[in-house]
Amino acid sequence: MVRIAWRSLTAHKLRTILTVLAILLGVAMISGTYVLTDQIDRGFKQVFTDAYKGTDVTVTRQAKFSGQLTGATEGLPEDMVKQVDAVDGVAESFGYVAGMGAVAVDGKVVETGGSPTLFFSYSPNDIAPPQYIAGRPPEQSGEVAIIQKLAQDKKLAPGSSITVITGDGAHEATVSGVFKFAAQSSLGGSLLIHTTLADAQSWFGMEGRLSEIDVKAEAGVSADTLAKRVRAALPAYADVKTGAQAAADQTKALSDAIGAFLRPVLLSFGGIAVLVGAFIIFNAFSMTVAQRRREFAMLRALGASRAQVLWSITGEAFVMGVLASVIGLFAGLGVAAGVNQVFQAAGVDIPRSGLVLQPRTIVIALAVGIVITLLSAVIPAQRATRVPPMAALQEGAQLPPSKFARFMPALAVVVAILGGLLIAGGMYGPGGTMVRLGTIAFGAVLVFVAVAIASRYFVGPLAAALGWPIQKIAPISGRLARDNSRRNPSRTALTAAALMIGLAVVVFVAVLAQGLKSSFIDSYDRTVRADFVVASKNFMTIPTDTATKVQSVEGVETAVSLDAQQVQAKNGSLPVVWGIDPNAIERVWSFDWITGSDAVLTKLGTDGAIVEEQTAASLGVKQGGTIKVTTVEGKEATLEVLGIYRDPMMLNGITVSSSGYAALFPTPQTFMVVAKAQPGADLAATKKGIEAALASTPTAEVQTAEEYKKGTVDLVNQLLMLIYGLLALSVIISLFGIVNTLVLAVYERTREIGLVRAIGMSRGQVRATVRYESVITSIIGAIMGIVVGVVFAWVVTTRFAGQGITFSIPGVQLVVFVLLAIVVGVIAAILPARRAAKIDILEAIHYE
Amino acid sequence: MAAHTKGEDVSDNVETTIVMNGDAAPATCEAGTTIGLPDAVVQARGVERDYGQGDALVRALAGVDIDLQRGAYTAIMGPSGSGKSTLMHILAGLDRPTAGSVWIDGQEITTLKERALTQLRRDQIGFIFQTFNLLPTLTAAENITLPLTIAGRKGDQDWVEELVKTVGLGDRLTHKPSELSGGQQQRVAVARALASRPAVLFADEPTGNLDSRTGEEVLQLLRHSRDAMGQTIVMVTHDAHAATYADRIVFLKDGAIAHDCGRLGRDDIYDVIKSLEDA
Chain P
0 MVRIAWRSLT AHKLRTILTV LAILLGVAMI SGTYVLTDQI DRGFKQVFTD
50 AYKGTDVTVT RQAKFSGQLT GATEGLPEDM VKQVDAVDGV AESFGYVAGM
100 GAVAVDGKVV ETGGSPTLFF SYSPNDIAPP QYIAGRPPEQ SGEVAIIQKL
150 AQDKKLAPGS SITVITGDGA HEATVSGVFK FAAQSSLGGS LLIHTTLADA
200 QSWFGMEGRL SEIDVKAEAG VSADTLAKRV RAALPAYADV KTGAQAAADQ
250 TKALSDAIGA FLRPVLLSFG GIAVLVGAFI IFNAFSMTVA QRRREFAMLR
300 ALGASRAQVL WSITGEAFVM GVLASVIGLF AGLGVAAGVN QVFQAAGVDI
350 PRSGLVLQPR TIVIALAVGI VITLLSAVIP AQRATRVPPM AALQEGAQLP
400 PSKFARFMPA LAVVVAILGG LLIAGGMYGP GGTMVRLGTI AFGAVLVFVA
450 VAIASRYFVG PLAAALGWPI QKIAPISGRL ARDNSRRNPS RTALTAAALM
500 IGLAVVVFVA VLAQGLKSSF IDSYDRTVRA DFVVASKNFM TIPTDTATKV
550 QSVEGVETAV SLDAQQVQAK NGSLPVVWGI DPNAIERVWS FDWITGSDAV
600 LTKLGTDGAI VEEQTAASLG VKQGGTIKVT TVEGKEATLE VLGIYRDPMM
650 LNGITVSSSG YAALFPTPQT FMVVAKAQPG ADLAATKKGI EAALASTPTA
700 EVQTAEEYKK GTVDLVNQLL MLIYGLLALS VIISLFGIVN TLVLAVYERT
750 REIGLVRAIG MSRGQVRATV RYESVITSII GAIMGIVVGV VFAWVVTTRF
800 AGQGITFSIP GVQLVVFVLL AIVVGVIAAI LPARRAAKID ILEAIHYE
Chain D
0 MAAHTKGEDV SDNVETTIVM NGDAAPATCE AGTTIGLPDA VVQARGVERD
50 YGQGDALVRA LAGVDIDLQR GAYTAIMGPS GSGKSTLMHI LAGLDRPTAG
100 SVWIDGQEIT TLKERALTQL RRDQIGFIFQ TFNLLPTLTA AENITLPLTI
150 AGRKGDQDWV EELVKTVGLG DRLTHKPSEL SGGQQQRVAV ARALASRPAV
200 LFADEPTGNL DSRTGEEVLQ LLRHSRDAMG QTIVMVTHDA HAATYADRIV
250 FLKDGAIAHD CGRLGRDDIY DVIKSLEDA
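Order-wise, the sequence lines are chains P and D.
Take 0 as the starting number for the first sequence in numbering that gives the first Met the number 0 and just add one per residue.
Take 0 as the starting number for the second sequence in numbering that gives the first Met the number 0 and just add one per residue.
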């Protein structure tokens with residue numbers, strides 16, 4: 000029986016290759032995800048471990064929480080270094096200031112692809128001496144040292160000039176030296192800059208303060224012991240850790256950011272690919288089992304037991320699964336490199352180490368590939384065992400109907416309901432985000448399965464309808480294609496269903512993105528009355544004095560700074576607090592009030608706040624209530640709610656006056672300046688004026704309202720392209736499924752093809768017949784995918800209606816998807832059509 | 000007897016087409032050449048067909064010359080392996096000879112490219128096979144007009160109606176082949192082969208899969224198409240009864256023409272076959 004399984008595999012090489020490919024690609028995606036994220040993890044780990052190599056103890060300001068818009072803490076007083084030095088067992092210590100900003104060369108900001116440009120003050124020390132490869136560390140004010148990659152990319156050397164842009168504004172500086180950090184020439188896309196301590200303190204608003212103190216222990220004193228002693232000597236707000244702990248914490252913070260986002264996202268694309276592969280394997284085995292019906296009957300007639308037939312087929316599946324998993328595992332290395340390329344093309348540069356192939360990756364890849372293949376093959380295999388020995392003597396290739404055939408419609412309904420309940424449970428039920436997303440995903444898989452089961456009942460009419468226009472164009476090949484696609488509805492249904500899955504997710508994402516774009520534009524148009532928006536690319540901060548500079552430009556009526564930082568609320572959420580000028584804001588901003596009015600703006604004072612509807616709902620506050628918030632440094636404040644407004648896209652969170660904001664946070668963190676022109680002012684000239692005023696700080700980009708909207712929409716589109724790129728894999732896999740089905744269909748119809756050829760059908764017409772059948776199948780898949788995707792998107796947008804995503808169907812894109820499906824169909828048909836056209840008429844006529 | 004004969008043995012047999020050994024042949028069989036007939040719609044000269052090569056070389060046809068007259072109903076007979084099916088396939092342009100030429104309606108088909116051959120099959124040739132003659136997804140009526148649909152032509156509607164009437168399917172025309180009897184299916188196949196008014200209709204064992212009663216219906220239909228419509232027919236068969244419907248019977252042996260006879264009764268046919276098998 001093993002030999003029969005093996006012979007069957009090698010006898011149908013194309014079928015085996017296509018089926019193996021179907022599961023292989025999904026496995027490759029999963030293994031690639033682990034390889035890539037492990038590489039990134041280890042890349043960060045190396046960097047931080049090296050960075051803290053000589054450091055036994057670190058002291059920082061305690062941070063209450065960490066969020067994306069968390070601001071810098073107030074830091075430590077400069078003289079704390081003396082307190083630390085006084086601790087018994089300290090050999091050496093030094094403090095430094097760290098901050099984020101940007102650098103510009105020749106007036107142009109150096110792009111980092113979303114990675115930060117990090118500044119560190121440099122003090123001579125023996126703890127973590129940087130490796131200088133040219134020049135020397137900065138010694139005088141206005142001197143900076145730069146990381147090797149920046150020097151190479153921008154052709155900088157000691158003596159070159161460079162502009163440093165921080166929250167404080169632009170500063171001209173001279174390069175004093177070039178160094179490697181932690182033995183690395185670069186840190187992913189991040190840039191590292193060394194400055195003098197005094198410059199860093201001044202540029203980052205840290206006068207008299209330090210970000211961190213690093214300590215080296217005397218010989219014989221362990222890091223743990225020293226950490227305890229230092230902690231005892233310092234005030235409670237100081238966070239004391241061993242160097243190893245600090246490295247581990249920072250690695251973990253970044254790894255968690257990846258673990259919480261990149262890995263699950265990439266894995267879910269892998270999961271979709273595997274699901275599509277499972278459909279194709281199920282279909283491939285169903286088809287071949289039907290085709291080999293007489294062979295199984297003969298084996299049974301020769302005395303093979305049902306179990307032997309079952310083992311023969313599952314054995315075949317097992318070999319395919321092993322083959323696919325092993326190749327997929329190693330193909331994953333390529334996928335890891337490929338996905339990284341995709342990210343880099345999208346402007347995201349992540350540091351990563353060399354190849355990492357952990358045992359965990361190998362186990363998961365093999366398990367997924369083999370288990371999924373076996374599971375997908377077991378039902379067709381079970382049906383093969385039901386072939387009676389008598390069938391060996393009969394014509395035809397119909398399998399006996401499954402025992403459960405008549406329960407199929409009921410099963411589809413039950414599975415659909417179950418899937419729907421899981422989705423609903425995931426969206427409205429309790430539990431953590433990951434659990435809920437997992438529940439929703441599982442529900443979605445069940446819905447896909449239900450649609451696939453049900454589709455055999457509507458594929459016939461659908462194929463007839465789609466075939467009708469084709470038949471009008473090509474009377475004979477169209478007609479035959481239309482008939483052929485309806486001959487075995489469950490086969491066409493499953494083949495189309497594989498394409499449906501990938502397209503449903505594509506459509507789902509497209510509809511959500513469309514909703515996001517249109518509600519952003521809608522929200523912007525409703526609330527923002529400004530003519531200009533000044534912001535940095537990549538949502539980085541811009542200099543604090545930008546608003547002042549813009550205000551002074553001729554033609555500008557009002558310029559308002561929008562500052563933002565996150566706080567922690569009582570329920571653990573991290574709402575954004577926006578700081579605005581309460582006297583000027585109403586000239587550039589039109590609040591969509593639910594309760595309250597513009598009149599409350601001037602009454603905000605230092606402890607008043609207006610709250611966006613969603614945040615108010617999640618915090619459970621109404622007008623007149625209060626919100627307790629904690630800043631990252633642990634400062635607590637109680638804000639009185641004076642009004643509730645609706646603005647899910649722009650000022651979502653809590654809005655306070657600039658004085659209230661200053662009372663909460665030590666540094667402003669300006670994200671945006673919105674400005675309105677004077678009535679009758681020449682907008683183009685005013686824009687030029689603003690640009691000129693901001694020439695020294697090129698991170699701040701001036702955009703008209705239209706440009707800003709377009710820029711944001713472009714950003715969403717860019718993300719959309721990234722997702723489409725990742726989903727393309729699933730579509731390619733379903734293409735293999737169509738090829739597989741068509742090759743088998745052509746093989747089964749050899750005699751028919753010979754007959755029509757004998758009575759005058761040209762090769763071109765035969766090819767067209769296969770092509771049209773393929774296109775009919777792929778359009779069915781597209782229609783199913785669009786319907787399911789739109790329904791999913793509708794459900795999700797309805798649930799999250801308040802959070803700014805409206806339900807909006809991107810009509811043009813849906814048409815493009817259908818055209819894309821047609822292209823998929825045409826491509827999938829190339830090989831089977833060629834095979835069909837090559838069929839020798841004489842052989843076909845005598846073919847059994 | 001050997002089903003196939005090797006190359007060198009065959010050269011002798013080629014002679015037999017010219018120098019007939021008339022001993023066993025009935026009086027109606029002509030001795031001598033089978034070519035040079037007036038108004039020949041199919042002409043073959045020196046047709047040879049080898050399969051395989053080296054030691055495995057099999058010579059299926061060893062130099063056949065034949066003319067088929069317009070409006071003639073010819074049966075090709077011969078023992079298994081005599082090359083009768085191969086000859087028909089080559090005459091119909093389904094197979095290419097190793098050497099020699101074939102003309103249909105004055106056009107040499109042995110040098111035609113694939114595209115032109117397809118065109119030839121559409122316009123000038125009709126086929127009836129032993130089994131699996133119809134497309135299962137099309138109705139009987141659609142099967143009949145299939146060659147016209149393939150060619151993208153409306154065709155002669157009166158002609159198609161007349162064919163349908165002749166086939167005598169009545170209300171079963173809208174049925175799928177699986178709902179028709181074997182005889183009905185084969186009659187549909189005959190009508191389909193006639194639909195494009197081909198120059199020649201080739202039938203490969205048209206009654207091979209039918210019982211004698213339904214086989215009779217098909218044979219009568221073929222005869223009718225010859226008598227009423229003047230259709231040229233070439234039928235390969237090993238059924239002596241089927242061959243009695245033909246105006247001319249060509250006997251093949253070892254890839255060459257052994258006898259070329261006129262109308263024969265069943266007993267005469269048996270005699271010829273017996274003489275071929277004994278020889």
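Hints in this document: simulated from the structure, not taken from any laboratory.
Among the hints, erroneous ones may be present.
In silico DSSO-like cross-links for lysine-lysine, where the CA-CA straight-line distance does not exceed 30 Å [said to hold, decoys possible]:
1. K687(P) with K709(P)
2. K837(P) with K112(D)
3. K471(P) with K273(D)
4. K837(P) with K164(D)
5. K164(D) with K471(P)
6. K107(P) with K837(P)
7. K837(P) with K175(D)
Okay, the hints, checked on the actual structure:
1. K687(P) with K709(P): Holds - the C-alpha atoms of K709(P) and K687(P) are around 19 Å apart, at most 30 Å.
2. K837(P) with K112(D): Measuring from Cα to Cα gives roughly 15 Å; hence the hint holds.
3. K471(P) with K273(D): Distance ~56 Å between K471(P) and K273(D) Cα, so the pair is violated.
4. K837(P) with K164(D): The given pair, whose Cα atoms are some 37 Å apart, is violated under the 30 Å limit.
5. K164(D) with K471(P): The hint holds at about 28 Å.
6. K107(P) with K837(P): At roughly 61 Å apart (the allowed maximum being 30 Å), K837(P) and K107(P) break the hint.
7. K837(P) with K175(D): Since the Cα atoms of K837(P) and K175(D) sit roughly 28 Å apart, the hinted pair holds (cutoff 30 Å).
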